[in-house]
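Number of protein chains: 2
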Amino acid sequence: MKNILALALAVAVSTLLPNFAPAEEKFSPWVDAQGAITLPKDFRRWVHLGTFVVTDEKAPGYGVHDVYTQPRSVEAYKKTGKFPDGTVLVKEIRKVKSGAMTTGFANWAGEVLVWFVMVKDSRGRFPKNPIWGDGWGWALYKAEDPKKNLATDYKRDCLGCHIPAKDTDWVYVQGYPTLK
Amino acid sequence: MKNILALALAVAVSTLLPNFAPAEEKFSPWVDAQGAITLPKDFRRWVHLGTFVVTDEKAPGYGVHDVYTQPRSVEAYKKTGKFPDGTVLVKEIRKVKSGAMTTGFANWAGEVLVWFVMVKDSRGRFPKNPIWGDGWGWALYKAEDPKKNLATDYKRDCLGCHIPAKDTDWVYVQGYPTLK
Numbered sequence: 001m002k003n004i005l006a007l008a009l010a011v012a013v014s015t016l017l018p019n020f021a022p023a024e025e026k027f028s029p030w031v032d033a034q035g036a037i038t039l040p041k042d043f044r045r046w047v048h049l050g051t052f053v054v055t056d057e058k059a060p061g062y063g064v065h066d067v068y069t070q071p072r073s074v075e076a077y078k079k080t081g082k083f084p085d086g087t088v089l090v091k092e093i094r095k096v097k098s099g100a101m102t103t104g105f106a107n108w109a110g111e112v113l114v115w116f117v118m119v120k121d122s123r124g125r126f127p128k129n130p131i132w133g134d135g136w137g138w139a140l141y142k143a144e145d146p147k148k149n150l151a152t153d154y155k156r157d158c159l160g161c162h163i164p165a166k167d168t169d170w171v172y173v174q175g176y177p178t179l180k
Numbered sequence: 001m002k003n004i005l006a007l008a009l010a011v012a013v014s015t016l017l018p019n020f021a022p023a024e025e026k027f028s029p030w031v032d033a034q035g036a037i038t039l040p041k042d043f044r045r046w047v048h049l050g051t052f053v054v055t056d057e058k059a060p061g062y063g064v065h066d067v068y069t070q071p072r073s074v075e076a077y078k079k080t081g082k083f084p085d086g087t088v089l090v091k092e093i094r095k096v097k098s099g100a101m102t103t104g105f106a107n108w109a110g111e112v113l114v115w116f117v118m119v120k121d122s123r124g125r126f127p128k129n130p131i132w133g134d135g136w137g138w139a140l141y142k143a144e145d146p147k148k149n150l151a152t153d154y155k156r157d158c159l160g161c162h163i164p165a166k167d168t169d170w171v172y173v174q175g176y177p178t179l180k
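Residue numbers (my numbering), protein chains in the order written: chain H, 1 to 180; chain F, 1 to 180.
Don't read these hints as lab results, they were simulated from the structure. Wrong hints could be hidden among the right ones.
Identical copies carry no separate label here, and so any pair may be met within one copy or between two of them.
Okay, derived cross-link-like pairs now, EDC-like style, lysine to aspartate or glutamate, Cα gap no bigger than 16 Å in a straight line [what the hints assert, rightly or not]:
1) LYS78 with ASP42
2) LYS120 with ASP134
3) LYS180 with ASP42
4) LYS41 with ASP145
5) LYS166 with GLU75
6) LYS95 with ASP56
7) LYS128 with ASP153
8) LYS155 with ASP32
None of the values given here were measured: they were computed from a predicted structure.
For reference, chain H alone in the conformation it holds in the complex:
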């Protein structure tokens, strides 16, 4: 009888609280149960963190790099100095346009080349998925196919360029004045 009552109570509670799903299912709208990462559509409406500009076309990171994250992640970072779980950093890289302006010779952003995405995960949620590790999920999309993550192994495809930023959780925060 006690078991039946407990069951009835559990059913009632799960009916009253239909959103009471396990926390992992709600980790991120842009990460599925296997850890696959989707490029968020509306990231340009998020908060802009900063810009890096690499004008040399032959450089490995040529382009105007604009970086965006969710408003709540900025709030949390400013309080704690850490990116909260679920933080998405989107780095949009565009061709460099340039020319003489009234300001002086200027560079600005042209067509999109690629998007880099990092998703914060401090709990190691996807130990078997090689795009996750060192506290983040890692992804790369080319403008031609924004649905296909070209990174398949973050250690080989992503980490190399981030090693100088290891002490700031792999993120080049010196270029992100909005976090200060």
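Dock chain F against the given chain H, drawing on the hints supplied.
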């Protein structure tokens, strides 16, 4: 008697609709009744429109220029191709920092130098105020004193640099991919 009834009705309506103030009072939270313009505090939480980078320290517009506006203005511009009344454009100009990165030689933003602000006004609300005209209010604040608008005559202080952008309502929209 008719007059008394009309008066009573007017009082009743004004009591029932306490927010029924003249439209001009609500034009913008950052513009007072005389047309004085205030630098918005939270513009970096608005939508980032784009970035211009002028690396030459001797150029008149040296710095990393990041431009922000309200989310509703982006929505309206994408629909109509025009900035709606009350649109605020904030151009934050920071020192250029630079150095070798894993991406290649890069430039990014340092300390704030100045903020330029434009407020859209298609109705010529402040004909006697010389910081208003050509469809906008114009302002300039230095980092040392963000409360003091240093522009006193937009034709002398501001318009010169914007002449090449006259056909796009004085705004360099080619550098603002978020509007496309």
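Hint-by-hint comparison with the structure:
{"no.": "1", "hint": "LYS78 with ASP42", "result": "between (23 Å within a copy, 14 Å between copies)"}
{"no.": "2", "hint": "LYS120 with ASP134", "result": "within (9 Å within a copy, 47 Å between copies)"}
{"no.": "3", "hint": "LYS180 with ASP42", "result": "between (24 Å within a copy, 13 Å between copies)"}
{"no.": "4", "hint": "LYS41 with ASP145", "result": "within (13 Å within a copy, 38 Å between copies)"}
{"no.": "5", "hint": "LYS166 with GLU75", "result": "neither (22 Å within a copy, 38 Å between copies)"}
{"no.": "6", "hint": "LYS95 with ASP56", "result": "within (11 Å within a copy, 20 Å between copies)"}
{"no.": "7", "hint": "LYS128 with ASP153", "result": "within (11 Å within a copy, 64 Å between copies)"}
{"no.": "8", "hint": "LYS155 with ASP32", "result": "neither (21 Å within a copy, 55 Å between copies)"}
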